[in-house]
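Q: Listed below are the residues making up each chain.
Number of protein chains: 2
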Amino acid sequence: MEKIITITRQYGSGGREIGRKLAEAYGIPFYDNEIISRAAKESGFAEAAFQNVEDKATNSLLYSIAMGMNVFSNQEMGFTGLSLDDRVFLAQSNVIRKVAEEGPCVIVGKCADYILKDRDDIINLFISASVDFRIKRSIQIDSLPTKKAAEIVLKKDKSRANYYKYHSGERWDNILNYDMALRSDLGGIDATVACIKMYLDNL
Amino acid sequence: MEKIITITRQYGSGGREIGRKLAEAYGIPFYDNEIISRAAKESGFAEAAFQNVEDKATNSLLYSIAMGMNVFSNQEMGFTGLSLDDRVFLAQSNVIRKVAEEGPCVIVGKCADYILKDRDDIINLFISASVDFRIKRSIQIDSLPTKKAAEIVLKKDKSRANYYKYHSGERWDNILNYDMALRSDLGGIDATVACIKMYLDNL
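Protein chains in written order, with the working numbering: chain B, 1 to 203; chain C, 1 to 203.
This list has only true hints and no planted wrong ones.
Copies of the same chain look alike in the list, so a pair counts if it works inside one copy or between any two.
In the EDC-like style, the derived pairs of lysine to aspartate or glutamate whose C-alpha atoms are separated by at most 20 Å in a straight line are:
id, residue 1, residue 2
1, K165, D85
2, K117, D132
3, K3, E102
4, K158, E170
5, K3, D201
6, K98, D118
7, K98, D32
8, K158, D85
9, K147, D132
10, K148, D132
11, K155, D142
Calculated directly from the structure, the hints in this document are not laboratory data.
From a predicted model like this one, the values you see are computed outputs, not experimental measurements.
Please take these sequences and the hints and turn them into a complete structure.
A: And the structure:
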């Protein structure tokens, strides 16, 4: 399995855990928040500016604050005339391209499938699950407040779709963009990993 | 595996063969043109009117001819005021609902996922493949003329998407509509069947 695996996922679907387990199974690097840290470090951005940028895309207040931040000048960053959002995206894209060049790995979220679309060694996965499953999981794993969990889960879906659309110009939910898509709630996380692995082992 | 499996597929992706092999593996009925024949027989429609109705959706000349056919009256069919196209769809839908009630089976195409969406024992699969794979397969399996194969394959994709949109109001390529989606060309037809079977066996 000499592929770079990108994972796009609905919030609460367990896509990140699936990615981590796949990376473990193949003994290859796993990039999620690690990308963020690396991008932050290499580009000199404050790490805080990168945190969860993907999940902020519909939170207009937070987003406005982030966009209005003048922590560093455009010139300083080398991205003249771009918004903070675009500069963060560009810095992340550079990191994603760099880690992909280092060899097989798993990259979760952050439009990695779009950023790497010109490579021929990419496998794009999409992980979804029922709303109920995702709400329960978000309460358990991410400690979302029970009362607001449903609202947050739906909002996060929307923001991921918007983030993807904004940066790639494409629909996040276009099935033709992916090599494999699976609902993780039907068989559970481990069965989903096993199934993906069987698929990848045949490549 | 006590499920009703619906398969939506790109033309030339091998979705029908995959469906047939899954049905064989589980020893359950397989419905494709068989549905057409059964619908034709039960509703009294001329079988010819049902043939490949799904693939005609962008062929405007043929479609117009079909829509203008007055082979039988609306009253006679019990579908007052509907076009031939809609009457064919309704008759097919009735058959799909009927075979689904009979128990686990595999149904290929014909918006079966949409028609059966209110059941809770449905697994919706989507099979895609690269354009190159589908062109080659169409020439080999469906004996498409080599020179026109590319054009026909792309036209058939479009007509399937249009057919789905017309009858369901939904996008055919919406990933969230499916429980599992796979590209059949990466591992081949048999590996794809094995992978789907592993997934279904976990349900």
